[in-house]
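J.: What the sequence shown shows, in numbering that gives the first Met the number 0, is residues 0 to 90, in sequence order.
Treat the hints loosely; a few may be bogus.
As the list claims (entries may be wrong) - Okay, derived cross-link-like pairs now, DSS-like style, lysine-lysine, Cα gap no bigger than 30 Å in a straight line:
(1) Lys54 - Lys86
(2) Lys54 - Lys25
(3) Lys86 - Lys25
These aren't lab readings, by the way, just hints derived from the structure by calculation.
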Amino acid sequence: MDLDLFHEQLTRDGYEILMREMPADKFVDTHSHPFDVRAVVTSGEITLHCHGETKTYREGDLFELAAGINHTEQYGPVGVQYVLGRKHRGD
């Protein structure tokens, strides 16, 4: 995914843009967010489990989560960095 294009899309669609870096091998138990998420992994990896499915995202991969969706997060052996767009419902 072209990061400039991704930034343009997030801005066009009303998302707040953030950079995130998460530590190696950390597990975040079941939770949800009060906002929609669109993100592109820029290094490392993250594994998400939701709706009974587990999927790992690596550099260049895009993932999305709707607000209120319960999920877990597992960060890879070198952690993960990603560009995050978040948008609160009603924004």
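J.: Going straight from one Cα to the other, do Lys54 and Lys86 come out at no more than 30 Å?
T.: At roughly 22 Å apart (the allowed maximum being 30 Å), Lys86 and Lys54 satisfy the hint.
J.: Check the hint pairing Lys86 with Lys25 against an upper bound of 30 Å on the C-alpha distance.
T.: holds (25 Å)
J.: Under the criterion that the straight-line Cα-Cα distance not exceed 30 Å, is the pair Lys54, Lys25 satisfied?
T.: holds (16 Å)
When held up to the earlier numbered hints, the structure conflicts with none and fits them all.
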